[in-house]
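Protein chains in written order, with our numbering: chain A, 4 to 118; chain B, 32 to 144.
It is worth saying that the hints were derived from the structure and are not from the lab.
Errors might be hidden in some of the hints.
[What the hints assert, rightly or not] Below 30 Å or equal to it, Euclidean Cα-Cα: the simulated DSSO-like pairs (lysine-lysine) are:
id, chain 1, residue 1, chain 2, residue 2
1, A, K86, B, K131
2, A, K12, B, K80
3, A, K73, A, K12
[As the list claims (entries may be wrong)] Taking beta-carbon pairs under 10 Å as the criterion, some of the chain B residues facing chain A (in silico):
id, residue
4, Y67
5, A123
6, F134
7, G135
8, G137
9, V142
10, I143
11, P144
The beta carbon of each residue, even a glycine, is placed where N, CA and C say it ideally should be.
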Amino acid sequence: DGGITQSPKYLFRKEGQNVTLSCEQNLNHDAMYWYRQDPGQGLRLIYYSQIVNDFQKGDIAEGYSVSREKKESFPLTVTSAQKNPTAFYLCASSTFPSGPLDTQYFGPGTRLTVL
Amino acid sequence: AQSVTQLGSHVSVSEGALVLLRCNYSSSVPPYLFWYVQYPNQGLQLLLKYTTGATLVKGINGFEAEFKKSETSFHLTKPSAHMSDAAEYFCAVSDGGYQKVTFGTGTKLQVIP
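When you get a sec, could you build the whole thing from the sequences and use the hints?
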C-alpha cells in the first residue's frame, strides 16, 4: 500500500539534545512538508521541499533543519536551538508542480516530548 | 496573505443531529478550500476540497461543504451525526502558490449518544 510513514510515533528528548524525526513516502510524490501542531493553534509549516536537494523555510523554521537527499525521504532535525520543541509533528507529501489542485497526504505523526 | 477562521474550538451535537462546523477565509485571489479530519494521535485525512466549478462539494463519510464567495465561507455539514464522527476538523485555504496551505485552528466535534 502506498502511503507516508513517520517514526518513531513517540519520542522523548532531554533538553540540549538534537533529535531527528523520520518521514518516508512511497507515493512517488515530488513535494514534501513538515508541520508542527500545538493544541489550539492548528498546523504551522516548518519546512517544505519541492524537489530533491532543494527545500524552503516555512513560517516557523527557526531551530529546525531538514535534508532531501532522496525523493522518498525528508527527515526533520529538531535542534537544541528550538526553544519549545514539545509538539506533535506531521509530515505530508503531494505531487508537484500540479499546484493547489492537488492534495496533501499526511503521515500518522510523531509526538515529541522534551523532558 | 490568506487566513482561515474556524468559529468554535469545540462543538457538541447529539447522535443523529445536524453537524455544522463553520469556516471563514480571507484570500486575495480565488481560493482553494479544504476540510480535513484528524482522529486522536493520527495524521490528517482529506474530507473534501473545493477548487473550481460547483460550489456544493460532497466528501467522504456523508460530509459536504458549500463555497459561498459573498460570505467568504466554507462551512462543513452532515445531516446526521454518528458516534464515529467525533474527531477534530480543520479547514484550510490555499491561494494557489506552490501548495502553500494555511490551516485553521481546528474544531473538536463531540457526539453525544
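Against the structure, the hints come out as follows:
1. Note on A:K86 and B:K131: the hinted pairing holds, with a Cα-Cα distance of about 25 Å set against a maximum of 30 Å.
2. Restraint check: the Cα-Cα separation between A:K12 and B:K80 comes to about 28 Å, which is no more than 30 Å; the hinted pair holds.
3. As the CA atoms of A:K73 and A:K12 are separated by approximately 22 Å, the hinted pair is consistent with the 30 Å bound.
4. At about 8 Å, the closest approach between the beta carbon of B:Y67 and any beta carbon in chain A falls short of 10 Å, and the interface hint on this residue holds.
5. Evaluation of the B:A123 hint against chain A yields a held restraint, the C-beta minimum of about 8 Å falling below 10 Å.
6. The criterion of a C-beta within 10 Å of any C-beta in chain A is met by B:F134, whose closest approach is roughly 4 Å, and the hint holds.
7. With 10 Å as the threshold, the beta carbon of B:G135 comes within range of chain A, its nearest partner Cβ sitting at about 6 Å, so the hint holds.
8. Checking B:G137 against chain A: minimum C-beta separation of about 6 Å stays under 10 Å; hint holds.
9. Hint on B:V142 is violated. Least Cβ distance to chain A is approximately 20 Å, over the 10 Å limit.
10. Restraint check, B:I143 versus chain A: the minimum CB separation of about 22 Å is more than 10 Å; hint violated.
11. This hint is violated: B:P144 has a C-beta 25 Å from the nearest C-beta of chain A, more than the 10 Å allowed.
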